[in-house]
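Construct the complete structure from the given sequences, taking the supplied hints into account.
Anchor point for the sequence shown: position 348 equals 348 in the UniProt record's numbering, and the numbering is continuous, going up by one each time.
There are no misleading hints in this set.
Across the chosen pairs, the derived CB separations fall in these ranges: (1) Asn359 with Val277: 13 to 21 angstroms; (2) Val358 with Leu159: 37 to 45 angstroms; (3) Leu185 with Leu213: 33 to 41 angstroms; (4) Ser269 with Asn359: 19 to 27 angstroms; (5) Leu270 with Val314: 42 to 50 angstroms; (6) Ala305 with Pro110: 37 to 45 angstroms; (7) Met62 with Ser285: 16 to 24 angstroms; (8) Asn60 with Val358: 29 to 37 angstroms.
Hints are computed from structural coordinates only; laboratory data are not their basis. Cβ atoms here follow ideal geometry from the backbone N, Cα and C, with glycine treated the same way.
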Amino acid sequence: MQSDDCARPEGASAAAGAESDTVRAKPLRKNSLTEEVGQEFLINNRFFFYLFTFGTELGNEMFFIVFFPFLFWNVDALVSRRLIIVWAWNLFLGQSTKDMVRWSRPASPPVVKVEVFYNSEYSMPSTHAMTGTAIPFCLFMLTYGRWQYAFLFGLSVALGWSVLVCVSRVYMGMHSVLEVITGFLYTLLILAFLCPLLDTIDTFYMTHSSAPLAIVASHVSLGLVAFSLDSWSTSRGDTAQALGTGAGAALATHVNYQLGLLLDPPPSSLPLSLHSVSIHAVVLSMLRFFLGVAVLLVTRMVMKAVTIPFLCRVFGLPADNVRQARQHMRVELPYRYMVYSVVGFSCVCVVPLLFRIVNLA
1 MQSDDCARPE GASAAAGAES DTVRAKPLRK NSLTEEVGQE FLINNRFFFY
51 LFTFGTELGN EMFFIVFFPF LFWNVDALVS RRLIIVWAWN LFLGQSTKDM
101 VRWSRPASPP VVKVEVFYNS EYSMPSTHAM TGTAIPFCLF MLTYGRWQYA
151 FLFGLSVALG WSVLVCVSRV YMGMHSVLEV ITGFLYTLLI LAFLCPLLDT
201 IDTFYMTHSS APLAIVASHV SLGLVAFSLD SWSTSRGDTA QALGTGAGAA
251 LATHVNYQLG LLLDPPPSSL PLSLHSVSIH AVVLSMLRFF LGVAVLLVTR
301 MVMKAVTIPF LCRVFGLPAD NVRQARQHMR VELPYRYMVY SVVGFSCVCV
351 VPLLFRIVNL A
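This is how it looks when you write it as structure tokens:
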């Protein structure tokens, strides 16, 4: 990978060979704060470019809006909702640490920015590395012994997933090696503390009468803490988004338990196995997935379209510039919570009810 203004090799044969495999490109998304499109760069190895682009997407919003629902509706609801708890807390701690440490992104030049969407955030630690470590390793810890598979297979998948995300952030020009390693180790520390508490937290969410109040109070309080650490950036919005999703999923868990709608496999069926999966089950899974994700995307789109104009009217702010309006904490914080708590609640409660109605459960 090299910037467009880098020197090229001399010699006709070398140049011809290099040009045949070189592709010009620009970052796929604009900077979320400044709308900067980024500098054009040259791709000398398309395999690595596409591999690490995929790796970095494993830490972005669209991956989570696909991954968590699929896991919840088609694989293991208990594992999915506990994974959401870890994801929300891990992202809160990572983004808050960023805003306290306040290290800038690597300078360009010499670094080539293959991605600029998150370029206005601080850099230490890498929250992509944190989520790219927390999700696979927590998934491994929650499923090993609950599902039938070899230990080395599960560990290899978790480690490979984590390494791919971590290396992709260096390749993209978003982090130094130190920031990625720090994010990886920071997450292992968080998992060591949080994973033993997951059963207690999950049980509290389901059974305790004061759980809804505690869920709302704790998640909103954490969002207020995150928003007070620094000026507006995508890190604040991402933190509120994760906390809102976690709150919505937790509230839905409480409602499901109270109504007897939990999707957890019965203890008598453990350990679970993939060997008994039939073609019919695969077809049902795909139907659930596509229908459910469509519902979530429509819900997200409608909530976004309604929430910001409503909040701007409430707080007396102009609604014609959405980007400027969202830089106000009184708009951005409730906007993120309202939109993504509804998405989280829909994923865990509303969509499974829809599956029952249309006989896809």
